[in-house]
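Protein chains in written order, with the working numbering: chain E, 46 to 387; chain U, -2 to 363.
FYI, nobody ran anything at the bench for these hints, they're computed from the structure.
Note that the coordinates shown come from a computational prediction; the quantities given were computed from them, not determined experimentally.
Do not rely on the hints blindly, as some may be mistaken.
As the list claims (entries may be wrong) - Taking lysine to aspartate or glutamate and the EDC-like style, the derived pairs with C-alpha atoms no more than 16 Å apart in a straight line are:
hint, chain 1, residue 1, chain 2, residue 2
1, E, Lys340, E, Glu303
2, U, Lys278, E, Glu249
3, E, Lys369, E, Asp276
4, U, Lys278, E, Asp240
5, U, Lys288, U, Asp175
6, E, Lys97, E, Asp85
7, E, Lys340, E, Glu306
8, E, Lys97, E, Asp233
9, U, Lys288, U, Asp238
10, E, Lys280, U, Glu62
11, U, Lys171, E, Asp240
12, U, Lys171, E, Glu241
13, U, Lys8, U, Glu143
14, E, Lys97, E, Asp87
15, E, Lys280, U, Glu64
16, E, Lys340, E, Glu307
17, U, Lys278, E, Glu241
18, U, Lys288, U, Asp241
19, U, Lys171, U, Glu113
Stated by the list, open to error - To be clear about the criterion: a stretch of chain U counts as covered by chain E if any three or more of its residues have a C-beta under 8 Å from a C-beta of chain E, and this derived list gives those stretches:
hint, stretch
20, 246 to 252
21, 266 to 279
Said to hold, decoys possible - Pulled from the structure, derived: some chain E residues nowhere near chain U, Cβ distances all over 12 Å:
hint, residue
22, Arg68
23, Ala114
24, Gly129
25, Cys321
26, Pro357
From the three backbone atoms N, C-alpha and C, an ideal C-beta is built for every residue, glycine too.
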Amino acid sequence: MPMKSYREAINEALVQEMERDERVILMGEDISGGTGGNGDQDAWGGPLGVTKGLRPKFGPDRVLDTHLAEISFVGAAAGAAATGLRPVVELMFVDFMGVCFDQIFNQAAKFRYMFGGKAVTPMVVRMMYGAGFRAASQHSQCLYPMFTHIPGLKVALPSNAYEAKGLLTQAIRDDDPVMFFEHKMLYDETAEVPDEPYAIPFGEANVTREGDDVTVVAFGRMVNIAGQAADSLAKAGITCTVVDPRTTSPLDTETILETVEETGRLVVVDEAHPRCSMASDIAGLVAENAFGALKAPIRLVTAPHAPVPFSPALEDAYIPSVGKIEDAVRDAMGHGSREAAE
Amino acid sequence: MSGIEAITMPKWGLAMLEGTVTGWDVAEGDEVSAGQEIMEIETSKIANVYESPVSGVINRIVATEGETLPVGALLAVVAGAGTESSAVDAYIADFQENFVPPEPDGDDGPAAQTIEVPGFTIRRLAMGPGTGTPIVLIHGFGADLESWAFNQADLAAERPVHAIDLPGHGGSGKDVGDGSVSALSAAVVAYMRHEGLPDAHLVGHSLGGAVAVEVARGEPDLVSALTLVAPAGFGPDIAGDFIDGFISQSRARRLRGVLEMLVSDPGLVTTDMVEGVLRFKRLDGALDALKAVAAANFEGNAQRNDLRDHLSGLSQPVRVVWGSEDRVLSASHADGMEGARITLLEGAGHIVHMERAAEVNRTILG
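Could you put the whole structure together from the sequences, leaning on the hints where they help?
Right, here's the structure in full:
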């Protein structure tokens, strides 16, 4: 099986879906780069080179380098989707959502509901998220909990290259607006990725490790960090079930609750801020529906309620780490069984 | 250094990079002969016993139980009686110093290829020398050529061995025609004619067994012998729950329960094995192909094919291997197989060629 980077996997999904369905178009700032100028054409391929080569391959009618105004091109994508195209629009950094949020949550997310189920909005918004890139507080946020909050949007968080291709393929084929979150720190990570097209269904969690002691639910890049923590803990005799929900909307509550009922302990790892996060959401879900199975308090490992620092040392300390996850798991284990407490 | 030989981590299948030593059946000082089961190794696919590749006295056990080591790593050293322990120490030190673990991307041995034959796109893995009676391995429903990972290299020691993906499966084209045994066998025939493989020994597992019989019936010049491993088509019933669950379960935790029906010991089903099936099913066209093949060959708990009459009409020798604990296709189906030489492996399940590879390989060659 060929090894491909997260970047290559996303590029391949775009190519294969554009070849399969001519209604698929791409829009975004500098997704090709140099368009309209006298210099190099396809000079950039997006800020991290993900869409490189697509404009020469598919032409200017299907790969549109847009002006620097998210409010209009994200709005245009919503309109294009409502009228029959399948746009994949790139927002660069999710941090820029503030200038086009009305187009997403008041327009794209609402069309299906406001037009009696007769309209669909098959658009994908690709966005970079996450800290670790030394890009400071305006280019490092997670923000997926905000999109997850809004009915009508689907939210995908691929944790590796295999997941990225399959989830993006599904996102493009989906008839609802999909917010697609690409973690900047993953673009050069490689995994086995089939050459053939494939789609990973939304709302079906991936259980990356099976264990007896603690369920660790983690999102996006944190799935890999949680996996490292689980491997380290396994050597110390503590085994974890690691759940990657893949999509926060729809959310595979069944797998989360089922695994917590088996292990009796829950640690949630979320790179977003702690308040109104996926971490607090999963904790609430389990507290409400599987309280009787819990042997210990739920533990959350998140970033602090503070902007991402610019100082590299502080940024590293800000992000949930293997060590912090191990500590949380050991803490959950330390409370022992309910039987022992009685 | 004469008389000192290494026993190293075997490579079972294309994807295997490392294995875990789960138990030694021999101790230092024991005399072993080539082919004797000496240890158990667990890979990401399945656990299996490992037979000593050499004869001699186990002078030193290097790999301890529970240790995970790359393919080719030193497991033990066999030496003639009276070998100086300093010589063994030097041999081990020299081996470890020069050992290079395989790279995930590395070019290490034969690789599967996808080729065009008239009417079909077929992924295949060919191994072994250019001469000798060729063996063609045909997998079962939902599987692919990697299901022969524990068999192919052994069988290929003295003859060419081709493992292919049937239409709809693995890396082959996803068009299965009407999904029938006849449609699938047409792909095998096209492949064998294209590759120039006359008088081959066909080895088919489960539905692949039925396909092998169909090839032998329709194109007798292509087939000199048949080995049928838990074949479909020789009894009225099949575990419909397996077929339905294999198709419908898209979550690993649910699919695992279905795949456990394949083996007598559920512990043999690994997370990677489940993940591999899920990844195959997500490929465009794969699920539709599986549904078409299932609909053409099975209906609930019943099999649509009855090949018993075909078998008695064949002139080629037929061997049959079945696991006594097969929960997908009952070993009792072997009762009606007139003229076949039947080997029943006690305690094994449906994927007996993976569960008990060494014994199945001996049956195929025997």
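Against the structure, the hints:
Proximity of lysine 340 of chain E to glutamate 303 of chain E is assessed by CA-CA distance (about 15 Å); at most 16 Å being required, the pair is judged to hold. Taken as a hint, the lysine 278 of chain U and glutamate 249 of chain E pair is honoured in the structure, with Cα atoms around 14 Å apart against an allowance of 16 Å. Proximity of lysine 369 of chain E to aspartate 276 of chain E is assessed by CA-CA distance (about 14 Å); at most 16 Å being required, the pair is judged to hold. With a C-alpha separation of about 14 Å, the suggested pair lysine 278 of chain U and aspartate 240 of chain E falls inside the 16 Å cut-off, and the hint holds.
For the proposed pair lysine 288 of chain U and aspartate 175 of chain U, the alpha carbon gap of about 11 Å is at most 16 Å, so the pair holds. About 13 Å separates the Cα atoms of lysine 97 of chain E and aspartate 85 of chain E, which keeps this hinted pair within 16 Å; it holds. Proximity of lysine 340 of chain E to glutamate 306 of chain E is assessed by CA-CA distance (about 10 Å); at most 16 Å being required, the pair is judged to hold. For the hint pairing lysine 97 of chain E with aspartate 233 of chain E, the CA-to-CA distance comes to about 15 Å; that is within 16 Å, so the pair holds.
Only pairs whose Cα atoms come within 16 Å are accepted, and lysine 288 of chain U paired with aspartate 238 of chain U is accepted, the gap being roughly 14 Å. For the suggested pair lysine 280 of chain E and glutamate 62 of chain U, the alpha carbons sit about 15 Å apart, so the restraint of at most 16 Å is met. The suggested pairing of lysine 171 of chain U with aspartate 240 of chain E holds, with an alpha-carbon distance near 14 Å, which does not exceed 16 Å. With a C-alpha separation of about 11 Å, the suggested pair lysine 171 of chain U and glutamate 241 of chain E falls inside the 16 Å cut-off, and the hint holds.
Proposed proximity of lysine 8 of chain U and glutamate 143 of chain U is supported: the alpha carbons are some 12 Å apart, at most 16 Å. Distance restraint check for lysine 97 of chain E and aspartate 87 of chain E: the Cα-Cα separation of roughly 7 Å lies within the 16 Å cut-off, and the hinted pair is therefore satisfied. About 12 Å separates the Cα atoms of lysine 280 of chain E and glutamate 64 of chain U, which keeps this hinted pair within 16 Å; it holds. With a CA separation close to 11 Å, the supplied pair lysine 340 of chain E and glutamate 307 of chain E stays within the 16 Å bound.
For the proposed pair lysine 278 of chain U and glutamate 241 of chain E, the alpha carbon gap of about 12 Å is at most 16 Å, so the pair holds. At roughly 9 Å between alpha-carbon atoms, lysine 288 of chain U and aspartate 241 of chain U fall within 16 Å of each other, so this suggested pair holds. Distance hint between lysine 171 of chain U and glutamate 113 of chain U is fulfilled; the C-alpha atoms sit about 13 Å from each other, no more than 16 Å. Counting residues of the stretch 246 to 252 of chain U whose CB lies closer than 8 Å to any CB of chain E gives 4, which reaches the minimum of 3, so the coverage claim holds.
Remark: the stretch 266 to 279 of chain U is confirmed as covered by chain E, as 3 of its residues place a Cβ nearer than 8 Å to a Cβ of that chain, reaching the required three. Remark: the non-interface label on arginine 68 of chain E is consistent with the geometry, its nearest Cβ contact in chain U lying 17 Å away (cut-off 12 Å). The non-interface label for alanine 114 of chain E is consistent with chain U: the shortest C-beta to C-beta separation is roughly 37 Å, beyond 12 Å. Residue placement check: glycine 129 of chain E keeps its beta carbon more than 12 Å from all beta carbons of chain U (closest about 23 Å).
Non-interface call for cysteine 321 of chain E relative to chain U: holds, since the shortest CB-CB distance, roughly 28 Å, exceeds 12 Å. Against the 12 Å criterion, proline 357 of chain E stays outside the reach of chain U, whose nearest CB is about 31 Å from its own CB.
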